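In order, the protein sequences belong to chains A and B.
Residues in the first sequence are numbered from 1 upward in steps of one, following my numbering.
Residues in the second sequence are numbered from 338 upward in steps of one, following my numbering.
None of these hints come from the bench; they were simulated from the model.
Each hint should be verified, as a subset may be incorrect.
[As the list claims (entries may be wrong)] A few chain A positions that, by computed beta-carbon distances, are all more than 12 Å from chain B:
| id | residue |
| --- | --- |
| 1 | LEU29 |
| 2 | PRO40 |
| 3 | LEU92 |
| 4 | SER94 |
| 5 | LEU118 |
| 6 | LEU140 |
| 7 | LEU171 |
| 8 | SER198 |
| 9 | ARG202 |
| 10 | ASP251 |
| 11 | MET266 |
| 12 | PHE294 |
| 13 | GLY305 |
| 14 | ILE306 |
| 15 | ASN327 |
[As the list claims (entries may be wrong)] Here chain B is said to cover these stretches of chain A; the calculated rule only asks that three of the stretch's residues, wherever they fall, bring their Cβ under 8 Å from a Cβ of chain B:
| id | segment |
| --- | --- |
| 16 | 108 to 115 |
| 17 | 308 to 319 |
[What the hints assert, rightly or not] Ranges between beta-carbon positions, derived for each pair:
| id | chain 1 | residue 1 | chain 2 | residue 2 | range |
| --- | --- | --- | --- | --- | --- |
| 18 | B | LYS392 | A | LEU309 | 28 to 34 Å |
| 19 | B | ILE412 | A | ALA313 | 20 to 26 Å |
| 20 | A | SER258 | B | SER597 | 20 to 26 Å |
| 21 | A | LYS95 | B | GLN511 | 54 to 60 Å |
| 22 | A | LYS95 | B | ALA474 | 43 to 49 Å |
| 23 | B | ALA456 | A | SER165 | 46 to 52 Å |
| 24 | B | LYS458 | A | SER159 | 34 to 40 Å |
| 25 | A | LEU309 | B | TRP399 | 47 to 53 Å |
| 26 | A | ILE212 | B | LYS458 | 52 to 58 Å |
| 27 | A | ALA105 | B | LEU477 | 56 to 62 Å |
| 28 | B | SER597 | A | ASN160 | 39 to 45 Å |
| 29 | B | LEU419 | A | ASN327 | 29 to 35 Å |
| 30 | B | PHE394 | A | THR330 | 54 to 60 Å |
All values reported here derive from a predicted model rather than from experimental measurement.
By construction, the Cβ of each residue, glycine as well, lies at the ideal position given by its N, Cα and C atoms.
Listed below are the residues making up each chain.
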Amino acid sequence: MTAPATHSAAPAARRLSLPAFIDGTLLTLVAAAIILWFVPSGMGRYGTYVLSLWLVMSVAVMGLNLTLGYAGLKSLAQAAFMGIGAYATALLTSKLGLNWYASFAISGLLTFSVGLVLGFPALRVKAHYLAFVTLAFSTLIWLVLRNEQWLTGGVFGLSNIPRPSFFGLKLDGALAFHRFVVVVTFLLAVVLWWMIRSPWGRAFTALRENPIRAASLGIDTRMYTLLAFAIGSAYAGFAGALYAPLVEFIDPSPFSLSQSFFLLLMVVAGGAGYLLGPFIGALLGVVLPEWLRFAGSLYLIIFAGIVMLLLIACPQGMSGLLERGWNRLTGKTGGSR
Amino acid sequence: MAEFLAYLIAGIATGAIYALAAIGFTLVWQTSQTINFAQGEFVMLPAVLVLLAIKLFGAPIWLGALIGIAAFILIFGVGFKLAVVDPMIRHGVLPLAIATMALSIIMKEGAKDGFSAEAQKFPSFVPTETISVFGAAISLQHVAIIAVAFAVIGLLQWFVGGTKLGRQMQATAQNPTVARILGIPVERMVLLTFVINAALAVVASVLISPIYLAKFSNGEVIGLFAFIAAIVGGFNQVRGALVGGLIVGIVDSMAAAYISTSYRLAVPLVLLVIVILLKPEGLMGRKEERRV
């Protein structure tokens, strides 16, 4: 008797339309990966670098999208997790000579574990206390990165971070490394796509729509919430592991609290809870400033202004806006297929 | 001992500033469930506006101060409520919280590009001297901050508890639905809390800027400490915000003096985490019933 009751509710109606939409998502991912593989050929070093940076930030935003968009948790430490991943990879590859793949795995594992340790006490109390705990954590990490010179190089940062190789093939060039980033980002996006589609991912969504009803359906709310946060943090760790060899030099500033706020802005501007939202959000946050170069330092104001207007017009962000436009074009009403 | 007393007074002074920001934050939270992530920038900007008014109109300090303050209260009290909060509140807390983050970026970058990236001197109404109390050198500015801040908080308490308007506001904060049934103009009361929030930020800004200087990045630290203060004290309570502010200010001052200057920021944060784990509703807070 419970099944009809759930199906009559609004979130269930949206879930019904999901498979068709999501296959479209996978096709989009594949097509985008192919385009991105070839696109930078004529763009020069800097253009290629901006594209790679966009993808790397997309990975971090993807993780935060899982935490915020699917599980409804406000994490204010995504940039800090990215910092942990970046510093771990930088130290392991440049100081200990470990290869990048092992460092990448360790970075993900490390951020996943830290996420569990941080989330467990916070979520034991109340979901929105995670925001406060991650706020504190974010500042603490930034302090450690800045003050522990013997390990992190302090404000001078770490330099000479080596780029990975692929079966003996050196990936030192901008284009070669860009293609590597495309492949890794694509794989991470597909893993997330699969996760969201699995029964496990459905549980996340149920959690976001109505935590109390989810609990009454037998979902272990606390465990799922915690896992969503830890996996989201691990994605930030992966993003950091890609970021360090991309820029080849890291210092504490890109991992500050305000950067975590910025990542949150990207999630919501791109569309929280949409699988492709992070790519749009990171496009707005990373590539738009390049187009707004003519505005000089005003670009941040313009970006923030666009986000505010966008949220007033459409709180679902760009993806919500696009979906609305698409539905109007095809004469559909609000996902009724 | 003399040193300790000096640090204590300095801590109470900065704590009073955090308390002013935190009280406004909790008022806005209570009446409209709005988390204002731009609260630190609300304290940073009035000082910049005052300096801008003085520069633009060549006005004397008092006139510049009046113009800057009036402009701020109008734009970030009334305007913030009408232009940002009203159209977004029906979409839930999250888009609104993100919008206030965007607002904080606009305010910060606006102050940097529209005024100056350098820290600017801000006129003080109190001589920059120290007096000696029990052998401790106490800054007159600190004493003035404590006196003014407590006078303002006292005035606010009297207003909220002792006047009809204030009691209507309190009723709105506690339960908007019942307040509406009782015939209280809820919308006007909510607007009033936003104006009071802006006014408290103005007071904090004018008090702290002679010491911190007027700088676009001041909001980051003040905002962070105001949040910690509100959470430590219990953020459904005005009294809690006051106690939280003072605790955070004193802890911060003592940490800087006796623990480590490079990790002074960490000490209030650790305090925050401990309070969340041991007494999640805050030191002075009531437990909130779970809403389904």
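- Status of the given 29 to 35 Å range, CB of A/ASN327 versus CB of B/LEU419: holds, 31 Å
- Minimum Cβ-Cβ distance from A/GLY305 to chain B exceeds 12 Å: violated, 6 Å
- Please confirm whether A/MET266 is truly not at the interface, meaning its C-beta sits more than 12 Å away from all C-beta atoms of chain B. violated, 10 Å
- Message: Range first: 39 to 45 Å. Now tell me if the beta carbons of B/SER597 and A/ASN160 are that far apart.
- Response: violated, 30 Å
- Was A/ASN327 rightly flagged as not at the interface, with every chain B Cβ beyond 12 Å? holds, 19 Å
- Item | A/LEU140 non-interfacial with respect to chain B [C-beta, more than 12 Å] | For A/LEU140, whose nearest Cβ neighbour in chain B is about 6 Å away, the distance does not exceed 12 Å, so it is violated.
- Item | Least C-beta distance between A/LEU29 and chain B, which was stated to exceed 12 Å | Nearest chain B Cβ is 26 Å from A/LEU29, so the label holds.
- Item | A/LEU171 non-interfacial with respect to chain B [C-beta, more than 12 Å] | Nearest chain B Cβ is 35 Å from A/LEU171, so the label holds.
- Are there at least three residues in the segment 108 to 115 of chain A whose beta carbon sits under 8 Å from a beta carbon of chain B? With 0 residues in contact (Cβ-Cβ under 8 Å with chain B), the coverage given for the segment 108 to 115 of chain A is violated.
- Message: Can you tell me whether the CB distance of A/ILE212 to B/LYS458 sits inside 52 to 58 Å?
- Response: Since A/ILE212 and B/LYS458 have Cβ atoms about 55 Å apart, the given range 52 to 58 Å holds.
- Is the nearest Cβ of chain B still more than 12 Å from the Cβ of A/ILE306? Given a closest Cβ separation of 9 Å, the condition is violated.
- Query: Quick one: are B/LYS392 and A/LEU309 within 28 to 34 Å, going by C-beta?
  - Reply: holds, 30 Å
In summary, the structure is inconsistent with hints 5, 6, 11, 13, 14, 16, 25, 28 from the numbered list given earlier, while agreeing with the others.
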